[in-house]
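Visitor: Fit chain B to the known structure of chain A by using the hints.
Sequence order for the protein chains is A and B. 305 is the number that my numbering gives to position 62 of the first sequence; each next residue is one higher, with no gaps. 24 is the number that my numbering gives to position 22 of the second sequence; each next residue is one higher, with no gaps.
Some clues are possibly wrong.
Stated by the list, open to error - If you want the ones that stay clear, here's a sample from chain A, every Cβ over 10 Å from chain B, calculated:
#: 1; residue: Gly262
#: 2; residue: Lys304
#: 3; residue: Pro305
#: 4; residue: Ile316
#: 5; residue: Ala342
#: 6; residue: Leu345
#: 7; residue: Asn348
#: 8; residue: Phe352
What the hints assert, rightly or not - Here are a few chain B residues that face chain A, going by a calculated C-beta distance under 10 Å:
#: 9; residue: Leu43
#: 10; residue: Val50
#: 11; residue: Gly51
#: 12; residue: Ile53
#: 13; residue: Ala57
#: 14; residue: Leu64
#: 15; residue: His97
#: 16; residue: Phe136
#: 17; residue: Arg143
In case anyone wonders, no lab produced these hints; they're calculated from the structure. The beta-carbon is built from N, C-alpha and C at its ideal position, and this holds for glycine as well.
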Amino acid sequence: MGNGTSIGRVRGLGSSHHGSHHWLAQRLSAVGNLILIPFLMISLALMPQHDYATVHAWAAKPIPSTALILIMINTFWHARMGVQIMLEDYVHEHGGKVAAWLLVNILPFAGAAFGIVSVIRIALGGA
Amino acid sequence: MAQARSNRPLSPHLQIWRWGPAMLVSILHRVTGNGLAFVGLGLLLWWVGAIASGAEAYQTFLDWVWLGTGGGIKAVTALLGKVVLVGLTWAFFQHMASGLRHFVLDIGAGYELEANALWSWFTILFGITATVVFWAFVLLR
Chain A
244 MGNGTSIGRV RGLGSSHHGS HHWLAQRLSA VGNLILIPFL MISLALMPQH DYATVHAWAA
304 KPIPSTALIL IMINTFWHAR MGVQIMLEDY VHEHGGKVAA WLLVNILPFA GAAFGIVSVI
364 RIALGGA
Chain B
3 MAQARSNRPL SPHLQIWRWG PAMLVSILHR VTGNGLAFVG LGLLLWWVGA IASGAEAYQT
63 FLDWVWLGTG GGIKAVTALL GKVVLVGLTW AFFQHMASGL RHFVLDIGAG YELEANALWS
123 WFTILFGITA TVVFWAFVLL R
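In isolation and in its complexed conformation, chain A is listed as follows (with noise of 0.2 Å):
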């Protein structure tokens, strides 16, 4: 396809068809962890106290839950694109890129749907 057309570039079409996407979703993420973290932050800070009681019923909330949940799917999904790059730049044989490969694509959806999974068993009264 050549160099293609500056359309096509910012389309997304260079070698692996990917790059803008990727590029555009590590940014997108980024605004929703500049709302998400802060809002955990702040109302971590704003607790009365930090024991078992407090910090479940916070965390029980619907917006509270909402907002974990989200942290669950977007901080996450940031990270793994984060980590990727990183990769990317420092692993160069061939094993290393298959285990780096594996890592990244396994360990955030096992992570993030573990952290769901428990706050959906706080929000609903699981525990």
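Guide: Just chain B now, kept in the frame of chain A:
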């Protein structure tokens, strides 16, 4: 990489360049981001998992990460836990500030030498100041 092992000359690397604030902020962005990804999200999962598992599991989390109740190894991990939590707070504020700097650079602004150096230093100043203010609020209020 196959090329790296040949006798071809290498491009100048870290030790050649005079360090500037933009280089520092660039590598800090990566280090803090990956630290938050592995340590921060790991700790977050332990925390929500402990809350979801009940009062006893949550108390175990608190003992290991903050309180050190029972002494022994927990006294050590509780001290480390405080260092890690303050470190994660700093990492978040630094990553947030240098991330916002990236947004500015993405629109094509802030590449002039002086402006670039100024805003780079500002992200470092913000990261440290915000961390101090946050923990002062948490611990002193």
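Visitor: Now tell me, hint by hint, if it's right for this structure.
Guide: Consistency of the hints with the structure:
1. With a closest Cβ-Cβ approach of about 14 Å to chain B, Gly262(A) is found to remain outside the 10 Å limit, as its non-interface label requires.
2. Every Cβ of chain B is farther than 10 Å from the Cβ of Lys304(A); the closest lies at roughly 13 Å, confirming the non-interface assignment.
3. With a least CB separation of 16 Å from chain B, Pro305(A) remains clear of the 10 Å interface cut-off, as annotated.
4. Under the 10 Å C-beta cut-off, the non-interface status given to Ile316(A) relative to chain B holds; the minimum distance is some 12 Å.
5. With a least beta-carbon separation of about 15 Å from chain B, Ala342(A) lies farther than 10 Å from that chain, consistent with its non-interface assignment.
6. For Leu345(A), the shortest C-beta to C-beta distance to chain B comes to about 16 Å, beyond the 10 Å cut-off, and the non-interface label holds.
7. Against the 10 Å criterion, Asn348(A) stays outside the reach of chain B, whose nearest CB is about 15 Å from its own CB.
8. Distance check on Phe352(A): its Cβ is at least 12 Å (rounded) from any Cβ of chain B, clearing the 10 Å threshold; non-interface status holds.
9. Because the beta carbon of Leu43(B) sits about 6 Å from the nearest beta carbon in chain A, less than 10 Å, this interface hint is met.
10. The interface hint given for Val50(B) is met, as the beta carbon of that residue sits about 4 Å from the closest beta carbon of chain A, less than 10 Å.
11. Interface hint status for Gly51(B): upheld, as the beta-carbon distance to the closest one in chain A is roughly 5 Å, under 10 Å.
12. Satisfaction of the interface hint for Ile53(B) is found here, the shortest Cβ-Cβ separation to chain A being roughly 6 Å, below the 10 Å cut-off.
13. Residue-level restraint check for Ala57(B) holds (minimum Cβ-Cβ distance to chain A is 4 Å; threshold 10 Å).
14. The interface hint given for Leu64(B) holds, since its Cβ lies 7 Å from the closest Cβ of chain A, which is under the 10 Å cut-off.
15. A least Cβ separation of about 9 Å between His97(B) and chain A falls short of the 10 Å threshold, and the interface hint therefore holds.
16. Nearest Cβ of chain A to the Cβ of Phe136(B): about 7 Å, under the 10 Å cut. The hint holds.
17. Checking Arg143(B) against chain A: minimum C-beta separation of about 8 Å stays under 10 Å; hint holds.
Comparing the model with each earlier hint shows no violations; every hint is respected.
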